[in-house]
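Enquirer: Use the sequences and the hints to build the structure in full.
Residue numbers (the numbering used here), protein chains in the order written: chain L, 1 to 265; chain W, 1001 to 1368; chain P, 2001 to 2271.
Some hints could be false.
25 Å max Cα-Cα, derived DSS-like pairs, lysine-lysine [as the list claims (entries may be wrong)]:
id: 1; chain 1: W; residue 1: K1368; chain 2: W; residue 2: K1180
id: 2; chain 1: L; residue 1: K52; chain 2: P; residue 2: K2081
id: 3; chain 1: P; residue 1: K2161; chain 2: P; residue 2: K2081
id: 4; chain 1: W; residue 1: K1265; chain 2: W; residue 2: K1344
id: 5; chain 1: W; residue 1: K1071; chain 2: W; residue 2: K1115
id: 6; chain 1: W; residue 1: K1115; chain 2: W; residue 2: K1287
id: 7; chain 1: L; residue 1: K52; chain 2: W; residue 2: K1071
id: 8; chain 1: W; residue 1: K1323; chain 2: W; residue 2: K1265
id: 9; chain 1: W; residue 1: K1132; chain 2: W; residue 2: K1344
id: 10; chain 1: W; residue 1: K1289; chain 2: W; residue 2: K1036
id: 11; chain 1: W; residue 1: K1176; chain 2: W; residue 2: K1219
id: 12; chain 1: P; residue 1: K2161; chain 2: L; residue 2: K2
id: 13; chain 1: W; residue 1: K1289; chain 2: W; residue 2: K1071
id: 14; chain 1: W; residue 1: K1178; chain 2: W; residue 2: K1221
id: 15; chain 1: L; residue 1: K261; chain 2: P; residue 2: K2081
id: 16; chain 1: W; residue 1: K1036; chain 2: W; residue 2: K1071
id: 17; chain 1: W; residue 1: K1180; chain 2: W; residue 2: K1265
id: 18; chain 1: W; residue 1: K1289; chain 2: W; residue 2: K1132
id: 19; chain 1: L; residue 1: K178; chain 2: P; residue 2: K2161
id: 20; chain 1: W; residue 1: K1132; chain 2: W; residue 2: K1115
id: 21; chain 1: L; residue 1: K6; chain 2: P; residue 2: K2161
id: 22; chain 1: P; residue 1: K2081; chain 2: L; residue 2: K6
id: 23; chain 1: L; residue 1: K52; chain 2: W; residue 2: K1036
id: 24; chain 1: W; residue 1: K1219; chain 2: W; residue 2: K1180
Don't read these hints as lab results, they were simulated from the structure.
All values reported here derive from a predicted model rather than from experimental measurement.
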Amino acid sequence: MKTLSKIYNGLIFLFLYAPIVVLIIFSFNDSRSRSVWHGFSLRWYEELFCDKEILNALIVTLTVAVIATVAATVIGTAAAVGMHGMNGRLRRAMMAVNNIPMVNPEIVTGIAMLLLFAFIYRSTGWFQLGYGTLLLSHITFCIPYVVLQVMPKLRQMNQHMYEAALDLGCRPVSAFFKVMLPEIMPGVVTGALMAFTMSLDDFVISLFTSGSSAQNLSVTIYSMVKRRITPEINALSTLMFGAVLILLILVNVSQIRGQSKAQKA
Amino acid sequence: MKKTIGFVLAAGLILAMAGCTKETSGGSWDWASEPKAESTGVTLNVYNWGEYIDDSDVNVNDAFTHLTGIKVNYKNFTDNESMYALLSSGAADYDVIFPSDYMVGKMIRENMLAKINFDNVPNFQYIDESLKNPAYDPTNEYSVPYTWGTVGIFYNSEYVDEADLEDGWDLLWNEKYKDKIFMFDNPRDAFGIALKKLGYSMNTENPDEWQAAYEELVKQKPLVQAYVMDQVYDKMINEEGWIAPYYSGDGIIMMDEDEGNTAIKYFVPEEGTNLFVDAMCIPATAKHKTEAEAYINFMCRTEVAKANAEYIGYSTPQTEARKLLDPSIGENPNFYPPQSLLEKTEVFITLPDEINELQDSLWIQLKK
Amino acid sequence: MMKNRSAAAPFAVWMLLFTIVPLGVVVWFAFTDAAGHFTLDNIAAIQGHLGTLAYSIALGALATVICLFLAYPLAYSISRKTERVQQTMVMIIMLPMWMNFLLRTYAWMTLLENNGLINRFLGLFGIGPLGMINTNGAVVLGMVYNFLPFMVLPLYSVMTKIDSRIIEAAQDLGSNGWQIFRRVVLPLSMPGIVSGITMVFVPAVSTFVITKLLGGSKTQMIGDTIETMFIGQAANYNVGAALSLVLMVLILLCMAFMGMVDKDEEGGLVV
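Expert: Written out as structure tokens, the structure is:
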């Protein structure tokens, strides 16, 4: 059973990583081709470091993703907690609203937001397309993922623990942090992870909500489609991949060390 | 723990910033040795297609800032239609945009473009006369051509019998090459070919002719391996298929000796074809019109036009720049076709709304 | 009942501003013509797209079911690991999605094409070439690939709460593997299944670009159709908005149907 499960997991990881391996290999290709190998080269890495537009877009992408994730996680978690305390009908209505950004094809959400921002801009002078509108739209489509991750954890939680904490004189806020949050933490973490992922990779909505002051990486990449995407993007992806991998290893190593220290003590 | 993470991130950033070892100037034009202009404090918002300006041999935007003191905030769009959606919303603030022919016409019609003061664009004199006063901007008040080219058929000469080329556009309907044919994945180009094949104008406003073109595309569909856009490069080079209509300038990539496939050849059918132009325009909402005109003028400067032509690969409308190009490009009839062929070309103009709607709905129907 | 309802207030305000109001814009377009007059023509025009709608829902449902079956055992085995291994594995599952979508999909093209890497590999053993690219199969594969992590994560986060001692107890009481799954693991993981299906099925139906790149663009999904309407030659927002409204109602109905299956509670669900 154990080996079977290992083989199974291995196959899934192979499926998930097959295209990533291809993408990484072709970042070292001495040609723009995405399918024919022309020999090893680091030229795309060199060009990447000189490409101001791509590096700027990278900074926009990362900062938007981090801020949107934090905001969406806070709003979404609070929303799930609030909805959990609601009666059936109200909660169902809120959940329906929550799902709208996911149900709507991205292009519809994108254009609708563009029209909204444009309307506000024309009437007040606020909300000119740029970093702010990009961030607002990202927070909006990230929230539902957090809610959908936290909700099941709340349903699973033992209700009486929280109530007991209140009965014992704990204030709601500290009861939330001391009792409820640890229980739903896996949901909050996976929700945040999903929000970050969605923000990092969003193209359609970003296309219609970004302006001259800020453009994210996926819009920059899609705009290259007319003339073929430069393998600099493969190089960038490879570097990001490597950085996350190194971080993962570091975190693991330090945790193992921490554990063995704790055991010794 | 946090220290290590911070360290890795900081190391990464420093590496990225210090990683650029390339000379900022040099290449074919040493602009950095020319006197540096004082900063004007103006930042120009430029909205162009991705990978559509030289940023390696001559960094055109850096050169512009160096010589004029005007900063450039350069952003990219993906297609004419989404660019139009953003600009027509009124919430975008670009000063120079690069729409294609028919989109120029549409934006003129909707009063979205500003008239260019050509006194500020003296380099307009170098633009090829045949590209001036185009059908989409008949009085040439709103646009300056940036790149151009023709649509033709790329074929793999190892597998395609050159006798079949006699058929012109019919080659794309040849049963012999079933599943080896690619077709444009955008309605205007695909319908344009079908209309030309039938002998109609690509700009026809007769719904019956559009319907007839649709029937042709339906007939063609079973023979088509895939409807493609940029995927065409790798698919043709890697011989996934043998025949594909595409833009002439992209041949430089496909037929390249090192990175392409030398068996690939290009021809333009006798029935005539589309001549496309990507132009430079100034939106009516632009805040820095004079600077925008300086930018357009700069793009028409010979050194710049040459550098861009070499980087992009599409044909340049700048006659002096063309003379400086390698003869294998500058004298190549694929990229600079003879007058006899040019006479048979049509530029896309803006179609009436009802024809555009018909076109969209026929296209959706084709893809069912 | 807990009295934390006010915690949902920021959410309510946010969604009102940036979801309900834009939705109002969509509704307005759906029921007006180009001149801004009320009309039902746009809704009526949907008739011509019913086939595409059905095709999209079918492909989306298929991809969702495949995701569920692939993700379930994986999520379960992750949830039985130590916390540290769990975190690492979750990251490893999510990491591919941090690479740009377009690059990932292009890489699949490189793998699946007739002269692609898989066929070249099979060719070494004299097999093939298999016609994988430009098929419905390739489209479903692309969808499964892009949405699988969104099925694994909710399943895993719910399964971590399933106490191994319950399973051991069931074993001690003589239950076989199937019974344990059917009576213990499945009911306890239901909220995760519901969340997972929502997060995969809902975006999968309206997906686009995948059909263009992996399916050869010969058959459009409804997402592609709506895209053509919004940023096609005519830029007709009206019909596009109507179509997306209908799509929304259909998906909500599908999810409501699911809600009936999930008798326990409708937490992760709409309607």
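Enquirer: Failing hints, ascending?
Expert: As far as the earlier hints go, only 2 is violated by this structure.
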